[in-house]
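Protein chains: 2
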Amino acid sequence: MSGTLYGIGLGPGDPELMTLKAHRLISTANVVAYPAPDSGESFARSIAASALPSGVREIPIVVPMRTDRFPAREIYDGAAKEIAAVLETGQDVVTLCEGDPFFYGSFMYLFERLSDRFPIEIVPGVTSLTACAAQLRRPLTSRNDVMTVIPGPLPDTQIRQKIDQAQAVAIMKVGRHLARLKALLAEMGLIDKAGYVERASLPEQKVHRLIDLDAETAPYFSMILIYKGEEAWTLPPSYSS
Amino acid sequence: MSGTLYGIGLGPGDPELMTLKAHRLISTANVVAYPAPDSGESFARSIAASALPSGVREIPIVVPMRTDRFPAREIYDGAAKEIAAVLETGQDVVTLCEGDPFFYGSFMYLFERLSDRFPIEIVPGVTSLTACAAQLRRPLTSRNDVMTVIPGPLPDTQIRQKIDQAQAVAIMKVGRHLARLKALLAEMGLIDKAGYVERASLPEQKVHRLIDLDAETAPYFSMILIYKGEEAWTLPPSYSS
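Protein sequences, first through last, are from chains A and B.
Quick note: UniProt numbering has the first sequence finishing at residue 241, numbered continuously throughout.
Quick note: UniProt numbering has the second sequence finishing at residue 241, numbered continuously throughout.
Some clues are possibly wrong.
The calculated DSS-like cross-link candidates involving lysine-lysine, where the alpha carbons are at most 30 Å apart (straight line), are [stated by the list, open to error]:
no. : chain 1 : residue 1 : chain 2 : residue 2
1   : A       : Lys206    : A       : Lys162
2   : A       : Lys228    : A       : Lys206
3   : A       : Lys81     : B       : Lys228
4   : A       : Lys162    : B       : Lys162
5   : A       : Lys162    : B       : Lys182
6   : A       : Lys182    : B       : Lys182
7   : B       : Lys228    : A       : Lys228
8   : B       : Lys81     : A       : Lys162
9   : B       : Lys81     : A       : Lys228
10  : B       : Lys162    : A       : Lys228
11  : B       : Lys162    : B       : Lys206
12  : A       : Lys182    : A       : Lys206
13  : B       : Lys182    : B       : Lys162
14  : B       : Lys228    : B       : Lys182
Just so you know, these hints were derived from the structure itself, not from any lab.
I would like the entire structure built from these sequences, with the hints used as guidance.
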């Protein structure tokens, strides 16, 4: 019998925002896999680090860090092959995924290569979406709101149209699109209703009204949330420093 | 000094999908509050039950269970008053919230009444959105997909328009709108791309292709996920019984 491939959501970054189930599966794992940059630490591994058992076999999936580029086919072909070889011996492989494995996650590249051949279990995680809303201290959606999640790399015309048609809007993957998105939201009269969060739930997190943000670019793990149809919105005093 | 009001996301139902932080705060709480129906058990309390310390003071917020009706002002006025009285003594109040407190959650009714007067901390939770995607074994969003979340009670014309403009679609609060939504999705040629999940992650969960579902109505905690732009979609064999 072959092993099971687990896709484990780790949440937005604070290790305490892992689920009990994620923690249990990681701390009893024999083999873990995770995305890693070509230099520096793997973010996914760093979230799970305190739960990793000693002696666990680690399979880093090294993906060059280039914003807005989807990973090369060959990298995931190779990783899938290495993981399949472990699964075929009957051992499980626990894949560490930032946020949730199925919400804009790179786990899908393993999933599409392996789900026909091996048992898969997905453990959902806290997404950056609600982690950012928590930090901005505003309900994300209520009652019969329509919510739309928009990737920042899309062109202005598309983003404008999607924003027009929702009550609650999240723009993900802000990164190098920050200046353009700020200009667009200013033009749409929404800049004073937008909040900005980077690295939500981590010690180095930043929480700002978008209008107060000076930077021209942002890290990949950053988000803009727009609260339409409300009075001009202010952050609670603890954040306004 | 006054106490802190915590809004704690409990995740979709499986107690193991609580975060470590939720578990810590609940198991050390002196006072908890939670929504409860006028008869029967509170869903939120049932998720947290195994973590509740003995002797904890409980403040049930009794909300009559009527689908698609937003809770009466007086119920939350009363609950906020009772909770404020505890916070004023310097004690914290831990509010138990199904899913995530700020994602279509009733916690907002307490938040809007108390956030000006007391310190608030929100602990995000796993939403039903990604819990359902995990059960349907399909990535919810990938690459630069636009995702839209639509409440089922909205009229057909609105739902049709929102679906047309997104790559990934979730319809929440399906409930008594199931038959209407099925007819609409059939008309739009999307019925064979829609998955249905009720009570995700609980022992009594149901996972179906929407096209295979016979029922005319669904429980409140049910969701339809639509995977557009894909080949006709099938559930993995373990679910097709």
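Now the hints, each set against the structure:
| no. | hint | verdict |
| --- | --- | --- |
| 1 | A:Lys206 - A:Lys162 | 26 Å, holds |
| 2 | A:Lys228 - A:Lys206 | 22 Å, holds |
| 3 | A:Lys81 - B:Lys228 | 29 Å, holds |
| 4 | A:Lys162 - B:Lys162 | 9 Å, holds |
| 5 | A:Lys162 - B:Lys182 | 25 Å, holds |
| 6 | A:Lys182 - B:Lys182 | 39 Å, violated |
| 7 | B:Lys228 - A:Lys228 | 27 Å, holds |
| 8 | B:Lys81 - A:Lys162 | 39 Å, violated |
| 9 | B:Lys81 - A:Lys228 | 29 Å, holds |
| 10 | B:Lys162 - A:Lys228 | 17 Å, holds |
| 11 | B:Lys162 - B:Lys206 | 26 Å, holds |
| 12 | A:Lys182 - A:Lys206 | 17 Å, holds |
| 13 | B:Lys182 - B:Lys162 | 16 Å, holds |
| 14 | B:Lys228 - B:Lys182 | 15 Å, holds |
The structure shown violates the earlier hints numbered 6, 8.
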